[in-house]
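These protein sequence lines are chains A and B, in that order.
Convert by adding 99 to the 1-based position in the first sequence; the result is the number in the numbering used here.
Convert by adding 109 to the 1-based position in the second sequence; the result is the number in the numbering used here.
No wet-lab data here; the hints were simulated from the structure.
These numbers come from a predicted model, not from an experiment.
By construction, the Cβ of each residue, glycine as well, lies at the ideal position given by its N, Cα and C atoms.
A portion of the hints provided could be inaccurate.
Said to hold, decoys possible - In the DSSO-like style, the derived pairs of lysine-lysine whose C-alpha atoms are separated by at most 30 Å in a straight line are:
| hint | chain 1 | residue 1 | chain 2 | residue 2 |
| --- | --- | --- | --- | --- |
| 1 | A | Lys218 | B | Lys146 |
| 2 | B | Lys138 | A | Lys171 |
| 3 | A | Lys174 | B | Lys336 |
| 4 | A | Lys178 | B | Lys324 |
| 5 | A | Lys285 | A | Lys333 |
| 6 | A | Lys232 | A | Lys216 |
| 7 | A | Lys144 | B | Lys184 |
| 8 | A | Lys177 | A | Lys144 |
| 9 | A | Lys232 | A | Lys222 |
| 10 | B | Lys211 | A | Lys144 |
To be verified - Short, incomplete list of chain B residues facing chain A, as computed with Cβ under 8 Å:
| hint | residue |
| --- | --- |
| 11 | Gln228 |
| 12 | Ala231 |
| 13 | Asp238 |
| 14 | Lys336 |
So the chains spell out like this:
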Amino acid sequence: MIRVRNVSKSFNDQLVLNDVSLDIKSEEIFVVLGESGAGKSVLLKHLIGLLQPDSGTIQIDNEDITHLPESKLLKMRKKMGYLFQEGALYDFMTVFENIAFPLREHAHLDEKTIRQKVKDILKMIDLDEVEEKMPAQLSGGMKKRVALARAMILDSKILFCDEPTSGLDPIRSRDVSDLIRNVSRKFGCTTVITSHDIRNSFRVADRLALIHDGKIIAMGTQDELKASKDAFVKEFIS
Amino acid sequence: MAVYQQVVRSLGNALWFLGEIFGNILRGKIRFGEVLKQVYEQGLQSVVIVVLTSLASGLVLALQGYVAMSRFGAKEFVADLVALSLVRELGPVFTALVFSGKAGARITAELGTMNVNDQILATRTLGVDPMEFLVVPRMVACFLVLPILTIISEFCGIMGGYFVGVTQAHIAGVYYINETIRAIHYVDFFSGFIKVFFFAILIGWICCYEGFSTKGGSLGVGKYTTKAVAYSYIFVILLNTLLTKVILTFWG
Ligand SMILES: Nc1ncnc2c1ncn2[C@@H]1O[C@H](COP(=O)(O)OP(=O)(O)O)[C@@H](O)[C@H]1O
Ligand SMILES: [Mg+2]
Numbered sequence: 100m101i102r103v104r105n106v107s108k109s110f111n112d113q114l115v116l117n118d119v120s121l122d123i124k125s126e127e128i129f130v131v132l133g134e135s136g137a138g139k140s141v142l143l144k145h146l147i148g149l150l151q152p153d154s155g156t157i158q159i160d161n162e163d164i165t166h167l168p169e170s171k172l173l174k175m176r177k178k179m180g181y182l183f184q185e186g187a188l189y190d191f192m193t194v195f196e197n198i199a200f201p202l203r204e205h206a207h208l209d210e211k212t213i214r215q216k217v218k219d220i221l222k223m224i225d226l227d228e229v230e231e232k233m234p235a236q237l238s239g240g241m242k243k244r245v246a247l248a249r250a251m252i253l254d255s256k257i258l259f260c261d262e263p264t265s266g267l268d269p270i271r272s273r274d275v276s277d278l279i280r281n282v283s284r285k286f287g288c289t290t291v292i293t294s295h296d297i298r299n300s301f302r303v304a305d306r307l308a309l310i311h312d313g314k315i316i317a318m319g320t321q322d323e324l325k326a327s328k329d330a331f332v333k334e335f336i337s
Numbered sequence: 110m111a112v113y114q115q116v117v118r119s120l121g122n123a124l125w126f127l128g129e130i131f132g133n134i135l136r137g138k139i140r141f142g143e144v145l146k147q148v149y150e151q152g153l154q155s156v157v158i159v160v161l162t163s164l165a166s167g168l169v170l171a172l173q174g175y176v177a178m179s180r181f182g183a184k185e186f187v188a189d190l191v192a193l194s195l196v197r198e199l200g201p202v203f204t205a206l207v208f209s210g211k212a213g214a215r216i217t218a219e220l221g222t223m224n225v226n227d228q229i230l231a232t233r234t235l236g237v238d239p240m241e242f243l244v245v246p247r248m249v250a251c252f253l254v255l256p257i258l259t260i261i262s263e264f265c266g267i268m269g270g271y272f273v274g275v276t277q278a279h280i281a282g283v284y285y286i287n288e289t290i291r292a293i294h295y296v297d298f299f300s301g302f303i304k305v306f307f308f309a310i311l312i313g314w315i316c317c318y319e320g321f322s323t324k325g326g327s328l329g330v331g332k333y334t335t336k337a338v339a340y341s342y343i344f345v346i347l348l349n350t351l352l353t354k355v356i357l358t359f360w361g
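Generate the whole structure from the sequences, applying the supplied hints.
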């Protein structure tokens, strides 16, 4: 359960989030839609404490994270996964080391168990024979899959995905979207995705919100959005 | 006014950054495996060029010194001249400059690339403090590697001087070495060597900080890397002047 209340954020003199409020229910897949530059990434970074709002509050599972110090946030983030737009894999580590990294940091398992866990999750994301490759040797779609595996390896309860389909061709976009949905359901995690890819968003989302000029201008299920009378909403989703 | 404020803010951020590094070190958050990797990379990368520059400067010092001192009939003092210049000034300063250009540039470029690719933010989302994981090992490695490189550099410089002394000035080898040892003993090796630890902190600090501040894609990485090297040069030279004054005042 993620509760955002009246969050505003400016950079220099530019108001990027303007009084944003939303509730994301446990285990639902929630998509934040918007044009590029609308403030989607900024909103997502607030939800995991990478940015702090100028005003307003953010609660996760009834805990107020708005002003937690970084040391507390680091602990909280063990049960969260964050998929960056370009994957953000460590380029000096192999795929295996990347996925094993959170396990080595937080789980205190023996080497054999780590190997097995990495193998299992690679199978779940439909990749094999890549363990010893470096991220630079992977295609864009594969990088995102590996990054998803790294984000989920600690059995995260909350998953954030920043534009998971951007930069991919239509088929890879659909595959990655379906994969996120499957993984999210399998782990039973609350998932927040940002996107400007309407078609795939409608495929995977339980509910959606549309953000424009830093404000949420529509929120609801796919059908509710489609029924909207607002001119911008109509234009955006058509 | 705006420029002045910006300078104050950057300086504040940089000092806070240094405080974070020392905070981690004092709390024992040093990852020895990572330190070892960095020591290996920084050391290996710089050692060849350090050997070359110091050999060359030893040679040149001895050649120039021999010509000048022959005029006063004091060519035997070439050994003292070489040893004294190297151990007190040239060894630490040259090594620090070469180290900035090689290892320092590498640090900024690596951290900068990680920064623009979101790898540093990703570290935080994985519940790991990037200071502890990425910065502290590089800083500690600087502190270990630069002193070792300086000793190598001074040794090679003296070897360069020895070569000129023996082949050109026809000083007896044993005499040259004894004179060198006497000179180093006299000027106190440590009065020069102690500077190296300050340079190591300075270079590690500047280069890690610039890497962490990098923005603007691959262009930004280039920009911040050259900036880090330029700052390292300038501040090594300034700090050296200050330290020399202080050391000569209190140590003689
Ligand atoms: N760290 C930052 N500093 C200054 N401006 C920023 C920062 N992050 C984002 N912005 C600005 O906020 C706006 C929204 O950015 P973002 O959330 O990345 O958009 P998007 O919806 O495409 O993800 C953009 O105009 C961007 O320039
Ligand atoms: Mg974005």
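These are the hints, each one checked on the structure:
Restraint check: the Cα-Cα separation between Lys218 of chain A and Lys146 of chain B comes to about 27 Å, which is no more than 30 Å; the hinted pair holds. Our distance criterion of 30 Å between C-alpha atoms is met by Lys138 of chain B and Lys171 of chain A, whose separation comes to about 17 Å. A hinted pair counts as satisfied when its Cα atoms are at most 30 Å apart, and Lys174 of chain A with Lys336 of chain B does not qualify at roughly 35 Å. As the CA atoms of Lys178 of chain A and Lys324 of chain B are separated by approximately 29 Å, the hinted pair is consistent with the 30 Å bound.
Taking the CA atoms of Lys285 of chain A and Lys333 of chain A, the gap is about 33 Å. The hint is violated against a cut of 30 Å. Taking the CA atoms of Lys232 of chain A and Lys216 of chain A, the gap is about 18 Å. The hint holds against a cut of 30 Å. Between Lys144 of chain A and Lys184 of chain B, the direct Cα distance comes to roughly 70 Å. Violation of the 30 Å bound is thereby established for this hinted pair. Only pairs whose Cα atoms come within 30 Å are accepted, and Lys177 of chain A paired with Lys144 of chain A is accepted, the gap being roughly 15 Å.
In summary, the hint linking Lys232 of chain A to Lys222 of chain A is supported, as the alpha carbons are separated by about 16 Å, within the 30 Å threshold. Simply put, Lys211 of chain B and Lys144 of chain A have alpha-carbon atoms about 35 Å apart, too far for the 30 Å limit, and the pair is violated. At about 5 Å, the closest approach between the beta carbon of Gln228 of chain B and any beta carbon in chain A falls short of 8 Å, and the interface hint on this residue holds. Against a cut-off of 8 Å between C-beta atoms, the interface hint on Ala231 of chain B holds, since the closest Cβ of chain A lies about 4 Å away.
Hint status for Asp238 of chain B relative to chain A: holds, with the closest Cβ pair at about 6 Å, below 8 Å. Nearest Cβ of chain A to the Cβ of Lys336 of chain B: about 22 Å, over the 8 Å cut. The hint is violated.
Of the hints listed earlier, those the structure fails to meet are numbers 3, 5, 7, 10, 14, in rising order.
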